[in-house]
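Peer 1: One-letter residues, chain by chain:
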Amino acid sequence: MQISMEVNGDQVSADVEARTLLVHFIREELELTGTHWGCDTSNCGTCVVLIDGVPVKSCTQLAAMAGGHKVTTVEGLANGKELDPIQEGFMQCHGLQCGFCTPGMLMTTRALLDKNPNPDQAEIREAISGQICRCTGYTSIIRSVHWAANKEAEMRETAVSVHAGAVGGGAA
Amino acid sequence: MTVTEPSPGAPAVSSSDVLEDNDQKPMGFGRMLRKEDPRLVRGAGTFTDDIKLKGMLHMEILRSPYAHATILSIDKSAAEAHPDVIAVVTGEDLAAHNLAWMPTLSNDVQSVLATDKVRFQHQEVAFVVAKNKYAARDALELIDVEYDMLEPVVDVRKALDPDSPIIRTDLEGKTDNHCFDWETGDAAATQAVFDDADIVVKQEIIYPRVHPAPMETCACVADMDPISGKLTLYSTTQAPHAHRTVYALVAGLPEHKIRIIAPDIGGGFGGKVPIYPGYVCAIVASLLIGKPVKWAEDRTENLVSTGFARDYIMVGEIAASKDGKIRAVRTNVLADHGAFNGVASPIKYPAGFFGVFTGSYDLEAAHASMTAVFTNKAPGGVAYACSFRITEAVYLIERMVDVLAYDLEMDPAELRLKNFIQPEQFPYETKTGWVYDSGDYEPTMKLAMDMAGYDELRKEQAEKRERGELMGIGISFFTEAVGAGPRKDMDILGLGMADGCELRIHPTGKAVVRLSVKTQGQGHETTFAQIIAEEIGIPTDDIDVVHGDTDNTPFGLGTYGSRSTPVSGAAAALVARKVRDKAQIIASGMLEVSVADLQWDKGSFSVKGDPSQSVTIQDIAMKAHGAGDLPEGLEGGLEAQICYNPENLTYPFGAYICVVDIDSGTAEVKVRRFIAVDDCGTQINPMIIEGQVHGGLTDGIGMALMEMISFDENGNCLNSTLMDYLIPTAMEVPDWETGHTVTPSPHHPIGAKGVGESATVGSPPAVVNAVVDALKPYGIRHADMPLTPSRVWEAMQGNHTAPI
Numbered sequence: 001m002q003i004s005m006e007v008n009g010d011q012v013s014a015d016v017e018a019r020t021l022l023v024h025f026i027r028e029e030l031e032l033t034g035t036h037w038g039c040d041t042s043n044c045g046t047c048v049v050l051i052d053g054v055p056v057k058s059c060t061q062l063a064a065m066a067g068g069h070k071v072t073t074v075e076g077l078a079n080g081k082e083l084d085p086i087q088e089g090f091m092q093c094h095g096l097q098c099g100f101c102t103p104g105m106l107m108t109t110r111a112l113l114d115k116n117p118n119p120d121q122a123e124i125r126e127a128i129s130g131q132i133c134r135c136t137g138y139t140s141i142i143r144s145v146h147w148a149a150n151k152e153a154e155m156r157e158t159a160v161s162v163h164a165g166a167v168g169g170g171a172a
Numbered sequence: 001m002t003v004t005e006p007s008p009g010a011p012a013v014s015s016s017d018v019l020e021d022n023d024q025k026p027m028g029f030g031r032m033l034r035k036e037d038p039r040l041v042r043g044a045g046t047f048t049d050d051i052k053l054k055g056m057l058h059m060e061i062l063r064s065p066y067a068h069a070t071i072l073s074i075d076k077s078a079a080e081a082h083p084d085v086i087a088v089v090t091g092e093d094l095a096a097h098n099l100a101w102m103p104t105l106s107n108d109v110q111s112v113l114a115t116d117k118v119r120f121q122h123q124e125v126a127f128v129v130a131k132n133k134y135a136a137r138d139a140l141e142l143i144d145v146e147y148d149m150l151e152p153v154v155d156v157r158k159a160l161d162p163d164s165p166i167i168r169t170d171l172e173g174k175t176d177n178h179c180f181d182w183e184t185g186d187a188a189a190t191q192a193v194f195d196d197a198d199i200v201v202k203q204e205i206i207y208p209r210v211h212p213a214p215m216e217t218c219a220c221v222a223d224m225d226p227i228s229g230k231l232t233l234y235s236t237t238q239a240p241h242a243h244r245t246v247y248a249l250v251a252g253l254p255e256h257k258i259r260i261i262a263p264d265i266g267g268g269f270g271g272k273v274p275i276y277p278g279y280v281c282a283i284v285a286s287l288l289i290g291k292p293v294k295w296a297e298d299r300t301e302n303l304v305s306t307g308f309a310r311d312y313i314m315v316g317e318i319a320a321s322k323d324g325k326i327r328a329v330r331t332n333v334l335a336d337h338g339a340f341n342g343v344a345s346p347i348k349y350p351a352g353f354f355g356v357f358t359g360s361y362d363l364e365a366a367h368a369s370m371t372a373v374f375t376n377k378a379p380g381g382v383a384y385a386c387s388f389r390i391t392e393a394v395y396l397i398e399r400m401v402d403v404l405a406y407d408l409e410m411d412p413a414e415l416r417l418k419n420f421i422q423p424e425q426f427p428y429e430t431k432t433g434w435v436y437d438s439g440d441y442e443p444t445m446k447l448a449m450d451m452a453g454y455d456e457l458r459k460e461q462a463e464k465r466e467r468g469e470l471m472g473i474g475i476s477f478f479t480e481a482v483g484a485g486p487r488k489d490m491d492i493l494g495l496g497m498a499d500g501c502e503l504r505i506h507p508t509g510k511a512v513v514r515l516s517v518k519t520q521g522q523g524h525e526t527t528f529a530q531i532i533a534e535e536i537g538i539p540t541d542d543i544d545v546v547h548g549d550t551d552n553t554p555f556g557l558g559t560y561g562s563r564s565t566p567v568s569g570a571a572a573a574l575v576a577r578k579v580r581d582k583a584q585i586i587a588s589g590m591l592e593v594s595v596a597d598l599q600w601d602k603g604s605f606s607v608k609g610d611p612s613q614s615v616t617i618q619d620i621a622m623k624a625h626g627a628g629d630l631p632e633g634l635e636g637g638l639e640a641q642i643c644y645n646p647e648n649l650t651y652p653f654g655a656y657i658c659v660v661d662i663d664s665g666t667a668e669v670k671v672r673r674f675i676a677v678d679d680c681g682t683q684i685n686p687m688i689i690e691g692q693v694h695g696g697l698t699d700g701i702g703m704a705l706m707e708m709i710s711f712d713e714n715g716n717c718l719n720s721t722l723m724d725y726l727i728p729t730a731m732e733v734p735d736w737e738t739g740h741t742v743t744p745s746p747h748h749p750i751g752a753k754g755v756g757e758s759a760t761v762g763s764p765p766a767v768v769n770a771v772v773d774a775l776k777p778y779g780i781r782h783a784d785m786p787l788t789p790s791r792v793w794e795a796m797q798g799n800h801t802a803p804i
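Those protein sequence lines, which keep their order, are chains P and Y.
The numbering of the first sequence is the working numbering, which starts it at 1 and goes up by one.
The numbering of the second sequence is the working numbering, which starts it at 1 and goes up by one.
Think of the hints as simulated: they come from the structure by calculation, not from any bench.
Each statement offered as a hint is correct.
When the alpha-carbon atoms are kept at most 20 Å apart in a straight line, the in silico SDA-like pairs for lysine to any residue are as follows:
hint, chain 1, residue 1, chain 2, residue 2
1, Y, K510, Y, K582
2, Y, K54, P, E31
3, P, K81, Y, L33
4, Y, K25, P, E88
5, Y, K35, P, A78
6, Y, K230, Y, P554
7, Y, K131, P, D15
8, Y, K54, P, E28
9, Y, K52, P, E29
10, Y, K257, Y, G229
11, Y, K52, P, E31
12, Y, K446, Y, V742
13, Y, K117, Y, R63
14, Y, K131, P, V16
15, Y, K291, Y, L53
Keep in mind it's a predicted model, so treat the numbers as computed, not measured.
With the hints as constraints, model all of the structure from the sequences given.
Peer 2: Structure below.
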């Protein structure tokens, strides 16, 4: 069957078997191998991508179900050389070791911060509770999300003060 | 030296604070961000299943639905007729090429594909190669296998019964399911102490079967070049060089025609040490077809067929004086090895390093005996960050010490402090012959107790008990033995446990270091650059770390048993010193002074007493490769290679304290706090060490409270997905509280000890001891893992049963 969707800002269309899972479509057809395949039962979360901004386990979605929607994978997080604060936070706070669960963790926590810019520890734990990391013991992932939240708050403050400065300058 | 680290996860840290700290790039040891991370956070790592070669085909494996059954016939005609199928191969097909069986890493043999009968559920029976993964899966359904079911051996306690069915009919003359016997220590001397002791405590302690379940399952891409005859195998392997040699021996390929590439690996934990039938099948498929063939197992295949861990039934005994002096320890173990002996232990150590079950205590005598048996279950045994069975040993002694404390009505911390090996006794030879290199246990224990606020916790517990609330405090103090060899004693299939390292300084002063070990997340690209930077003064950014490619790295045995830093880390330090020695000779020529008149200042040599006269390592590198003369007798270039054979293992240790609350209505255990103080000697990168400890502590909570691979009476595996093999999520673990002490290893060039498995080894007894402590009002002195709510509830009702 013919499907088309927007992936990381690009329009893609392909002829796939109806049973094709979204994770396989992303990895095999689109060759975006940052999204990983880990369990097939929606437990591990390494396959999480965003569909219209909502984290979804791509191993239990058919590719066809994403037709007509906007899909964001880990490859779509950075803006060229500029990393998303979530990616930077994971690097700064050692939020990854083997890196296999990382793409799913990044996408889920990106969605969390989009909805809740200042989550507390319990909210972060709950947000990532559908995902498994075998290396970090989660504490450093939580630190990474706090780091990103703080960084984004600082960026917002800077943007506001620049804007206020510009307004002030105009008034003078 | 003792250091307490800030409490983790504090949201008060602002990004700018952390940035400032992290901007430092130490010239050597210290916190440094990882060189691996920029690719991994972009999803730009290369894991084996990410590899796509031109013309690549896909392989899937048909597995047995039965635990024990004779194969009567296999009809593959319908599968072969599938339009997208290239080949269907059975055990009989392999047998025609003498490839149906392969050696395990324990000198046993294992079926690649079953020929005569299947010996565990999900054993490999046939494989299909097709144009894509979905077609290969479809074709598996078209293979018709006729089985004649046999009675399975599931209960390990009955495996040696005279009427038990014989599993290993492939072994000539085999008349029972006996695998091996092993013992260590002095039985008579131990008996004499037991006869003379004030008090003897005895307890059966079970360490159930668990699975390392790394996030990335096993996979490979076999690429046989039909023209050159060279096989390139991209593979999820922790030991690329050892695997290459084994493939050469199994497949009969010349070793120089095999190249193993281990790309990024998504966690190993020992599960990626063995050679699995899937790898061999993919190689055979590529040899047969002449095209690249990929095999990537799914989660169920990973859980049901790759290396399990533990599965020991241990009866422990301690002989002590009535004032709490532990005098002797002994144990008898029944070990379930599954259908084939597939442990990856050195040949001299069939029970791994279980001999360190004497723990951190100064004893008069010790003895262990073990019987290992075959059952109709998947093979394995040494995995899940176990440090070659030290996990079982530490669990035994640390659980038994608490049993003694219970019977003596002594505080478990006080009991441990009373029995520690004292600092002046190191190097300390245990009663089972292990020589602990260094240790200073009391300060580590005291630091953990201070961080925990131990006395206040006991006070709180007493108050809660008054109110009928269940709170437990569990302690574990472990001594690990990591960094195998020396090569004279330790091997994999006869290959000595030593590791090579090669360092080249390029003319412009940049460097490449090549390792025989392979990271699976431990951060070797970072820490090995730090070791080289520390030793030769070249910035870490200027050092490329090459690993995981047998064509481009020196021989060595790989990364498991926490051996990378103790063995390969030592090799890296020594190879850098060798290069530095040569650099010093070149510098003496450049500065026209004798070698003895030079001093080293991490990155440059200067003339003693005249620091203005100096040359940097970069200047020296250019001179070494330049057109001018070098001191007489010196070859050009600035590089060296060594093979490091450790003189002893290293013995990291640590004190762990776990605090739990149990809901008396639901029997659910909540880990409230976990304090971990580790001593792994000199620290290379504290950030990475802390991360590894956090991961291991999580494993401990998983094993103690949630994880178990179990079987029904027919040998069906009951935990074959992550729906029923429960691994801790962020909801089950607390905010870890870590600290450390530093007692360097006297024989390691930089004083470092391994740490990767310390927390996995040390934490399960702390959690179980805490749960048992919480249940003290119920008169419980022991309960077996996993302490799920139902099993804790049973214990509270006086019905606690053994899990196996």
